[in-house]
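Visitor: Dock chain B against chain A, hints included.
Each chain is listed here by its residues.
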Amino acid sequence: MSKQFHEVKDGVHGFVVFDQFEKLLIDSSPMQRLRCIHQLAMSYQVYPGAVHNRFEHSLGVMEMATRIFDRLFNQRPQLSDEVRDRIDAELTDERRGYWRRVVRLAGLLHDVGHLPFSHAAEKELLPEGWNHERISADVIRFSEIADILKSQKPPIEPEDVVDVAWDIKKRSEVEPKTLSPWTTLLNEIVCGNTFGADRIDYLLRDSWHAGVVYGRFDPDRLVSGLTALIDPGNGEIALGLDIGAIHTAEALLLARYFMYTQVYFHDVRRAYDIHLKNFLQGWLKDGKFSAQWQELMKLSDHEVLAAMREAILDDKHRLHDRAVLTLARRHFRTIYELVSTHKKKRPTILNDLFDKATEKFGADKIARDSYGPKSEMNDFWVKTENGDVESSLQVSGVIARVPPVEIGLIFAHPDVSEEAKKWVPQTVRELLPKKRARKESKK
Amino acid sequence: MNFKKQVYILAVVESLQANGSWTGKTHVNKALSLLRDYAKVDVPFNFVLYKHGPYSFDIEAELEQMQSYGALTVDPDAQGFGVTLQTGEMADFVHENAELPAATVKAIENVCSFVGSRNVAELERLATASWIRTREGISEPKQVAKRLNRLKPHVSLEEAEQAYSEISTWLTS
Numbered sequence: 001m002s003k004q005f006h007e008v009k010d011g012v013h014g015f016v017v018f019d020q021f022e023k024l025l026i027d028s029s030p031m032q033r034l035r036c037i038h039q040l041a042m043s044y045q046v047y048p049g050a051v052h053n054r055f056e057h058s059l060g061v062m063e064m065a066t067r068i069f070d071r072l073f074n075q076r077p078q079l080s081d082e083v084r085d086r087i088d089a090e091l092t093d094e095r096r097g098y099w100r101r102v103v104r105l106a107g108l109l110h111d112v113g114h115l116p117f118s119h120a121a122e123k124e125l126l127p128e129g130w131n132h133e134r135i136s137a138d139v140i141r142f143s144e145i146a147d148i149l150k151s152q153k154p155p156i157e158p159e160d161v162v163d164v165a166w167d168i169k170k171r172s173e174v175e176p177k178t179l180s181p182w183t184t185l186l187n188e189i190v191c192g193n194t195f196g197a198d199r200i201d202y203l204l205r206d207s208w209h210a211g212v213v214y215g216r217f218d219p220d221r222l223v224s225g226l227t228a229l230i231d232p233g234n235g236e237i238a239l240g241l242d243i244g245a246i247h248t249a250e251a252l253l254l255a256r257y258f259m260y261t262q263v264y265f266h267d268v269r270r271a272y273d274i275h276l277k278n279f280l281q282g283w284l285k286d287g288k289f290s291a292q293w294q295e296l297m298k299l300s301d302h303e304v305l306a307a308m309r310e311a312i313l314d315d316k317h318r319l320h321d322r323a324v325l326t327l328a329r330r331h332f333r334t335i336y337e338l339v340s341t342h343k344k345k346r347p348t349i350l351n352d353l354f355d356k357a358t359e360k361f362g363a364d365k366i367a368r369d370s371y372g373p374k375s376e377m378n379d380f381w382v383k384t385e386n387g388d389v390e391s392s393l394q395v396s397g398v399i400a401r402v403p404p405v406e407i408g409l410i411f412a413h414p415d416v417s418e419e420a421k422k423w424v425p426q427t428v429r430e431l432l433p434k435k436r437a438r439k440e441s442k443k
Numbered sequence: 444m445n446f447k448k449q450v451y452i453l454a455v456v457e458s459l460q461a462n463g464s465w466t467g468k469t470h471v472n473k474a475l476s477l478l479r480d481y482a483k484v485d486v487p488f489n490f491v492l493y494k495h496g497p498y499s500f501d502i503e504a505e506l507e508q509m510q511s512y513g514a515l516t517v518d519p520d521a522q523g524f525g526v527t528l529q530t531g532e533m534a535d536f537v538h539e540n541a542e543l544p545a546a547t548v549k550a551i552e553n554v555c556s557f558v559g560s561r562n563v564a565e566l567e568r569l570a571t572a573s574w575i576r577t578r579e580g581i582s583e584p585k586q587v588a589k590r591l592n593r594l595k596p597h598v599s600l601e602e603a604e605q606a607y608s609e610i611s612t613w614l615t616s
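Protein chains in written order, with the working numbering: chain A, 1 to 443; chain B, 444 to 616.
Okay, chain A solo, but in the shape it has when bound (with noise of 0.2 Å):
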């Protein structure tokens, strides 16, 4: 007789459960497949604990996101009278049972579609309209995982899956669709900013395996103090925290903010992931990766990392050049990070300066990469201790101040770095003005 439940070890959360009808669709090709792509691209060049992979944070959110079901579903007196009104329909027995495998689901699936390498310049290699998150609705939607979803008893309907488990956000892009509020909450639990569970699960995971302590904080008293609410300015049920667990959640902004600054936008992985963008765009037909999730499916980091090996073992290979900056190490260098003093002075400075580099060096020698601005300010409602709702930015003063993070970097080819590093003060001082232009233009 099979085994009606299994358990892996994570090293994040501990012992991960599921049951018989998970374990199909995590022994699935295209769950799977998610071993052979690394969840950091290329950082393991920077970090080199950083070797870990989609499928174990696949687990993990599908883990981290049943605990704030949990939390807020399956404790019915923590709600209010007012919410449980709102979504009593869905909280029977039957219902909510459905609803919360819907959530485990969505977060074990949500990154099922995703590209060798993952993040590595998607924009770029897929064709115009497509994300990952697009092609993973896909492979909800018409692979084998469908027919297992369907399989269950009751089925379980494969565009409850996309809705909760694709960030409304990055679907509006290309597939706009209105969820109703209930599936806006639970696409919230998954994708959310502030406190899905992805974003939990990856700052852990990826801190853990990086090796540094950036981005940690304590998800046990966040889930703990999560709570569904109504939205003070529009009477919306949102997603909200009980004063108590605030300098949690401080932690976890802080956690975020630090994290992309130190690890997803360390200046040498972002190198990297134009060298791997640019022997993609080699590699590939046509430049791109289909985004026919059957052809999508047969691609992992091992089949470009073997074409890299080959590449870069055939000095006559087309791609050779490109194969050298990556694999063996000859990565470009970086001659100028904005500074906000800067932009405040010349808001198109790393434009303007990388304009002025390739005029001087080359196009082929020198590359930019830019991020943001994003705000790590996040705006959401805290439930007070005599049960007003404010806003975070009103409770928390740290909350209020977490800088954005913003990127804005110029890398020259290791032949002329040096070189440009010198030429880069002085073109910069020249760029710069030298009073405020603002106060010679103010009217």
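Worth flagging that the hints you see were computed from the coordinates, not collected in a lab.
Cβ-to-Cβ under 7 Å is the rule here; a few derived chain B residues that face chain A:
{"#": "1", "residue": "492"}
{"#": "2", "residue": "500"}
{"#": "3", "residue": "507"}
{"#": "4", "residue": "512"}
{"#": "5", "residue": "513"}
{"#": "6", "residue": "519"}
{"#": "7", "residue": "525"}
{"#": "8", "residue": "563"}
As the structure is a prediction and not an experimental result, all values here were calculated from the model. Even for Gly, the Cβ is constructed at its ideal location relative to N, Cα and C.
Guide: Chain B only, in chain A's frame:
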């Protein structure tokens, strides 16, 4: 850095301030959504129906850019509702790099006068009703109210009908 987008945001913030609004992010979002519906201006932002009605993630991104170099300042609202936006010391930089046609500026002024200092709940109802009418092509009042109530169950049918009546009158004024 997209000054063609930022100049719309700046014009809306300036006009909302002139109309005595506390100028939250919701006001800016709804004003730009209504600008499209009201004056048929090809506003350079994508909108989706989101938690508080029509919403643009592009606007959020540009607001962050503008804040980063001082074209706007963003401060927590003293009343505890989100943040308030104000023009910053580098606002002129936007005007130096992009400008709007006079007709668009006039339309923005009309929209911001309508949006003014309405609260988030009102703006959600009005902008969503406008969305249903202009984007979904539903104009029969009862049908619009039903649709709005289905999208936003916390908005009663009566409130939805009132919102549609008000927005229809304004859109055709």
